[in-house]
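Full structure from sequences and hints, please.
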Amino acid sequence: MTEEIIIAGFGGQGVLSMGKILAYSGITENKEVSWMPSYGPEMRGGTANVSVIISDERISSPILQNFDTAIILNQQSMDKFESGVKPGGLLLYDPNGIIRHPTRKDINIYTIEGAAEAAKQKSSKTFNMIVLGAFLKIKPVVKMENVLKGLKKSLPERHHHLIPMNEEAIKVGLEKVKAVQTL
Amino acid sequence: MEEIKLMKGNEAVAEAAIRAGVDAYFGYPITPQSEIIEYLMTEEPYKRTGMVVLQAESELAAINMVYGAAACGKKVMTSSSSPGLSLKQEGLSYIAGSELPCLIVDVVRGGPGLGTIQPSQADYFQMVKGGGHGDYKLIVLAPSTVQEMADFVELGFELAFKYRNPALILSDGVIGQMMEKVVLPPQKERLTDEEVDKLYGSWATTGKKKGRERNIITSLELKPERQEAHNHHLQNKYKKIAENEIRFETFNCEDAEYLLVAYGSSARICQKTVQLAREKGIKAGLLRPITLWPYPSKAINKLADQVKGILAVEMSAGQMVEDVKLAVNGKVKVEHYGRFGGMVHSPDEVLEALETKIIGG
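Which chain is which? The protein sequence lines are A and B, in order.
In my numbering, each residue's number is its place in the first sequence (first place is 1) plus 17.
In my numbering, each residue's number is its place in the second sequence (first place is 1) plus 1.
Any given hint could turn out to be false.
What the hints assert, rightly or not - Not everything, but these chain A residues come out facing chain B in the computed CB check (under 8 Å): (1) M18; (2) A40; (3) Y41; (4) I44; (5) W52.
As the list claims (entries may be wrong) - So these bits of chain B aren't anywhere near chain A, every CB distance computed over 10 Å: (6) E3; (7) W204; (8) K209; (9) P225; (10) N330.
Simulated from the structure, these hints should not be mistaken for lab results.
Even for Gly, the Cβ is constructed at its ideal location relative to N, Cα and C.
As structure tokens, then:
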């Protein structure tokens, strides 16, 4: 099994930490992982993205051109990465703020109302965990118990009291994900 | 069980340095390697091992602090990215001339000038051929994984002290910024002056002992006869390093008809290219130099007898390719491919270059 994922959105949406939690979950399951962020000016506002690979084998190139899964969280990222999804792959996106929806016919498309659900939860910070939950519902590449371990490892101890809230957010994602187009 | 951590290449270097019992780190921040000094500042190793971490006022100051500490036999290091390393070249030449061990890390970004902060491999000439003045060599190690970023700290110091020569880790923005699994070495104690004397010979300026000559660390010798003799001594040392310390790795070379030569993150990308090529029925192999100086010329020359063509792949306009050509010495066609200026080639682009420049060319 090799899952090549890109997560892309605005800086501050928790794109990089979502990738980190996935990577930590992967190593908890003894898988090979790589996490390659966009770094530099994007981090200070504008788009941010991270490529995460989870695999049973040694990972060669950490840089990806094509993805099994693209998790898209803003319009710029949709414009940039829709075409990079492998045929038969998955595109998961939050429709909030999206004007040009995906048009590919050869991929699976799902939506998650992450921003809207986070607003309901009265915590924008759980946004990325809602999206992560949605992804894991469609593709359980790592076990939920290991995601919670990954969450614990990637959060500094002073934030550990927030884990139950994040766990709750993942559950919201699991429930609220919607299929738009399945092959 | 060994503890597996998920770390950035830069963080792995920093933690490995603490665990290697490094005495001091002097640096100045620059993207894409600032996590090294940030990690050290956050970890406060002066509390753990007594290791000094200092942000100098400039790159020039940092490299000269390294020079001073190395002269005292200390295990000392610095790190920077390309423009910062340009500033450090004068110091490196002095350190090499004075025959002092130390470790330098270059997390390369696109140039020339301030260039870009994205990954590049265009510092090969500067580091491997000597960016400073005079006939000197750095021992250059090229990690291609986060694990090697950690491992080469200890290896770098080992070689540096063994030969009294600066060693350099030539990395790039990909390996520095990416996170992977890493198993860290156990904590080593920092060495005392006496232990350094005992292990590596009594050359450091740690105070003159009774009954031995004064130890002098200098790169200055105004008498040309003596400076020539010093240069002969250096060249003999470099010969010995070249005989004993070449490191490389091959991947699918046994039956290869076409060879890729690549180091660092390019080697990772080329591994994928080899897989893609073999799926298409092209028998491709990869040789990854681990030491860039000394260079695995003999191994490449030997493979040149077997293969029909060689593609040197690097994120530069063509630097290492010159060493491949020297190694091959005209036996087979050698071409260069690479994106540069901060762009990273994809495995598919490398495959296309192999097909057009070597197989079809």
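Each hint tested on the structure:
no. : hint : result
1   : M18  : 16 Å, violated
2   : A40  : 6 Å, holds
3   : Y41  : 6 Å, holds
4   : I44  : 6 Å, holds
5   : W52  : 4 Å, holds
6   : E3   : 12 Å, holds
7   : W204 : 41 Å, holds
8   : K209 : 49 Å, holds
9   : P225 : 49 Å, holds
10  : N330 : 30 Å, holds
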